[in-house]
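Novice: Given next are the chains, with one letter for each unit.
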Amino acid sequence: MTKVKARFQMNHRFLVSVSGLIVLIAALSLTTMPAAGQATSKAYTAPRTPDGQPDLQGVWTNTTYTPLERPKNVTKELYTREEALEIIKNAADVENDQTEPGTILDVHYDFTQFGLDRSQGGMALNLRTSLIVDPADGKIPPLTAEGQKRATERAEARKRMGGATDAVQNQPLSVRCIIMDRAGPPMLAGAYNNNYQIVQVPGYVMILVEMIHDVRIIPLDGRPHLSENVRQWMGSYVGHWEGQTLVVETTNFNGKNPFQGSSENMRLTERFTRVSDDTIRYQFTMDDPSTWTKPWSAEVPMKKAIGPLFEHACHEGNYGLYNTLAGARAEDKKAAEGAAKATSK
Amino acid sequence: MRTKRTVVVAVVGVLLAAAPLGAHHAFSAEFDVKKPMKLQGTLTKWELINPHSWFHLDVKGPDGAVVPWLIEGGSPNQLIRLGLTKNSLAVGTELVIEGYLAKDGTNKGVGRNFTFTDGRRLFLGGSAPGSGESGIVVK
Amino acid sequence: MLLKTVMHREFYQMRDRFRRSTIIPVTVVAVLWLFVTAAAGQAPAYKAPRSADGKPNLNGIWQALNEAGWDIEGHAAAPGLVTALGAAAAVPPGLGIVEGGPIPYQPAAAAHKKENFEKRLTLDPEIKCYLPGVPRAMYMPYPFQIVQTQKFIMMAFTYARAVRTIYMDDHKEAPADSWMGWSNGHWEGETLVVDTTGFNDQTWFDRAGNFHSDALHVVERYTATSPDRLLYEATIEDPKVFTRPWKMSMPLYRRVEKGAQIMDFRCVEFVEDLIYGQLRKQPGK
Numbered sequence: 041m042t043k044v045k046a047r048f049q050m051n052h053r054f055l056v057s058v059s060g061l062i063v064l065i066a067a068l069s070l071t072t073m074p075a076a077g078q079a080t081s082k083a084y085t086a087p088r089t090p091d092g093q094p095d096l097q098g099v100w101t102n103t104t105y106t107p108l109e110r111p112k113n114v115t116k117e118l119y120t121r122e123e124a125l126e127i128i129k130n131a132a133d134v135e136n137d138q139t140e141p142g143t144i145l146d147v148h149y150d151f152t153q154f155g156l157d158r159s160q161g162g163m164a165l166n167l168r169t170s171l172i173v174d175p176a177d178g179k180i181p182p183l184t185a186e187g188q189k190r191a192t193e194r195a196e197a198r199k200r201m202g203g204a205t206d207a208v209q210n211q212p213l214s215v216r217c218i219i220m221d222r223a224g225p226p227m228l229a230g231a232y233n234n235n236y237q238i239v240q241v242p243g244y245v246m247i248l249v250e251m252i253h254d255v256r257i258i259p260l261d262g263r264p265h266l267s268e269n270v271r272q273w274m275g276s277y278v279g280h281w282e283g284q285t286l287v288v289e290t291t292n293f294n295g296k297n298p299f300q301g302s303s304e305n306m307r308l309t310e311r312f313t314r315v316s317d318d319t320i321r322y323q324f325t326m327d328d329p330s331t332w333t334k335p336w337s338a339e340v341p342m343k344k345a346i347g348p349l350f351e352h353a354c355h356e357g358n359y360g361l362y363n364t365l366a367g368a369r370a371e372d373k374k375a376a377e378g379a380a381k382a383t384s385k
Numbered sequence: 271m272r273t274k275r276t277v278v279v280a281v282v283g284v285l286l287a288a289a290p291l292g293a294h295h296a297f298s299a300e301f302d303v304k305k306p307m308k309l310q311g312t313l314t315k316w317e318l319i320n321p322h323s324w325f326h327l328d329v330k331g332p333d334g335a336v337v338p339w340l341i342e343g344g345s346p347n348q349l350i351r352l353g354l355t356k357n358s359l360a361v362g363t364e365l366v367i368e369g370y371l372a373k374d375g376t377n378k379g380v381g382r383n384f385t386f387t388d389g390r391r392l393f394l395g396g397s398a399p400g401s402g403e404s405g406i407v408v409k
Numbered sequence: 006m007l008l009k010t011v012m013h014r015e016f017y018q019m020r021d022r023f024r025r026s027t028i029i030p031v032t033v034v035a036v037l038w039l040f041v042t043a044a045a046g047q048a049p050a051y052k053a054p055r056s057a058d059g060k061p062n063l064n065g066i067w068q069a070l071n072e073a074g075w076d077i078e079g080h081a082a083a084p085g086l087v088t089a090l091g092a093a094a095a096v097p098p099g100l101g102i103v104e105g106g107p108i109p110y111q112p113a114a115a116a117h118k119k120e121n122f123e124k125r126l127t128l129d130p131e132i133k134c135y136l137p138g139v140p141r142a143m144y145m146p147y148p149f150q151i152v153q154t155q156k157f158i159m160m161a162f163t164y165a166r167a168v169r170t171i172y173m174d175d176h177k178e179a180p181a182d183s184w185m186g187w188s189n190g191h192w193e194g195e196t197l198v199v200d201t202t203g204f205n206d207q208t209w210f211d212r213a214g215n216f217h218s219d220a221l222h223v224v225e226r227y228t229a230t231s232p233d234r235l236l237y238e239a240t241i242e243d244p245k246v247f248t249r250p251w252k253m254s255m256p257l258y259r260r261v262e263k264g265a266q267i268m269d270f271r272c273v274e275f276v277e278d279l280i281y282g283q284l285r286k287q288p289g290k
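Residue numbers (my numbering), protein chains in the order written: chain A, 41 to 385; chain B, 271 to 409; chain C, 6 to 290.
It cannot be assumed that every hint is accurate.
[Said to hold, decoys possible] Simulated crosslink set (DSS-like; lysine-lysine; CA at most 25 Å straight-line):
no.: 1; chain 1: A; residue 1: Lys381; chain 2: B; residue 2: Lys304
no.: 2; chain 1: C; residue 1: Lys118; chain 2: C; residue 2: Lys245
no.: 3; chain 1: C; residue 1: Lys245; chain 2: A; residue 2: Lys381
no.: 4; chain 1: B; residue 1: Lys356; chain 2: C; residue 2: Lys245
no.: 5; chain 1: A; residue 1: Lys373; chain 2: C; residue 2: Lys286
no.: 6; chain 1: B; residue 1: Lys305; chain 2: A; residue 2: Lys373
no.: 7; chain 1: B; residue 1: Lys356; chain 2: B; residue 2: Lys315
By construction, these hints were calculated from the structure, which means they are not laboratory data.
Assemble the whole structure, with the sequences as input and the hints as a guide.
Specialist: Structure (structure tokens):
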């Protein structure tokens, strides 16, 4: 893969470009991640850390265009290589094209200008039609009656809170800079900055998530989870190695960031396996009998990415949230004044 | 190349399952789609911060008075990975910014497009007419 | 019986002669050696166990045990800011961790510090759950974890889930300013030396309003002094605020309890009403 060093000088054109498709192919690894059921002809053995753990260290990205669930009009599990490349090219073209002035989508800085669009960050070539690999239809299993009830109650509670800009607590957790889906767990990519740094020492695997500098230092000593009454945003996590795979089990979620409608009793199992020099296969299984009729699993390739991670001090720099709320109050005031004028006539 | 892709965006929206629609939502709540703006000013400071960077500009009004403006841009993190530093964009640079005004009536806006006065685009991607350039994937 | 006494007496005489001729000189030499080495400042140095790359192994969970978080200078007990919290929020007395006299502020900066102190309820960044910066993160009263490899030494803090990345090779200049700074580290024998620049001017040193500018430059030294203790030293330099560099030092203690870990102190949701409360939509408006 070629690496082009950009030089950001005031009087220079910043980057020399190449036609989009060629660049895209160069960006994607020619070694696609082995899909389920396809044995690799030569099993890859990861190098070892000094204390003998398979080495997962480095900077990785899980950027993807692949949806969590299989799209409605798709029935197969895998695209052909050509189909997948075509989809990615189209998606990248859409990101590159400009939005229409005067539309909601246009009220945003241009992702491509800041290198934040997915096509510029690099990603693994994933032939899957969905991230979900089990059940076989690529969709989240049906909700249980309890799960359905909880979903309804949550929607009603949300309605009672009022409009999205009525109070800071009505905004998404990501906008409030409390937690991002990049951190999860499970760890899923968002629009940009889907970067992770893994560092390993005897007894621990540390995963630093770029966004909001979230970090899990996963102990490998087989300790028990935290006691039941201690609930955390990212739960209580314990890991161990099974051959080449790091298995991380997480419980003790606090229920305030319910992944896909789950309850605080959800049990998450994540598996990290390095399948090539530049790819980690990340799999996760969601087990929550009070929400879904059966457990379900997904698989996301993580690709080696350029570093470094830069400090994502989200809450500290969150002027935008303040402006959003101030803007909503300004509009309320204008509307109230307009209404008062109308009634006084 | 400015092409209209509103229809395609709807279809691709299915693909972008983990899509930033939430982010768009927040921006259209912060800035007014009915108030597009274009201004030219001198950079007095560029805050390379998260979740979004902020460009401080001195803008000269028609009456000659200089008014400070604050324009929201993207996270600088990927640009930093590509070699950008706080010294890359000098204080005093003249910038032309198209975007939308803040809803709270203050001198703030979101920068849809940042260019130099000669029309060259800041940072990455080429939307300058006839440039024929597009963003590059650096890997 | 007389023979036994004589033999005992001779034995003790021999033993005493032995003691005088051998043990006493040896003892004297040993004592002299200790004086000499102490005078040279070289008590027998503790050497930490090695990590795989042959460097002192500083991995583990550590915590400062002092009152520097309240005020890094020596201070007496004082009332807290919130009357309703009484003694629970009072300022405890502390010896301070600053060496060699008061912090050498420039005159205008000294006035600024005084103003910070008077307005600390609204100005202290800790109250708003903002990242603590360096060195403040090192003596907040909660554990932090050092994750040390050859290329990176990471520090993960309890408060606000702050993180420091220390680059042990491939040293670069800070690309932009940040709350926790940009850290380049190297080893000098038993000591980890960390050189940090690229700070913004937003953090404080403590709850008493001691502050810095974006010209802050911190050089820290971490040295293991026993299996469960580190010596932490930091030299603070800021030509916009202080008349000269100055130093702080303190021990860091290992959290040895089974299952010790960094727990989740995500504090943003605890300060949202404080920061955004006045922007809440009022009923009927």
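Novice: Each hint: holds or not?
Specialist: Checked hints:
Proposed proximity of Lys381(A) and Lys304(B) is supported: the alpha carbons are some 23 Å apart, at most 25 Å. For the suggested pair Lys118(C) and Lys245(C), the alpha carbons sit about 13 Å apart, so the restraint of at most 25 Å is met. Between Lys245(C) and Lys381(A) the CA atoms are separated by roughly 54 Å; this puts the pair beyond 25 Å, and the hint is violated. The hinted pair formed by Lys356(B) and Lys245(C) meets the criterion: a straight-line CA distance of about 20 Å does not exceed 25 Å.
For the hint pairing Lys373(A) with Lys286(C), the CA-to-CA distance comes to about 10 Å; that is within 25 Å, so the pair holds. Between Lys305(B) and Lys373(A), the direct Cα distance comes to roughly 18 Å. Compliance with the 25 Å bound is thereby established for this hinted pair. For the hint linking Lys356(B) to Lys315(B), the alpha-carbon distance of about 10 Å falls within 25 Å, and the restraint holds.
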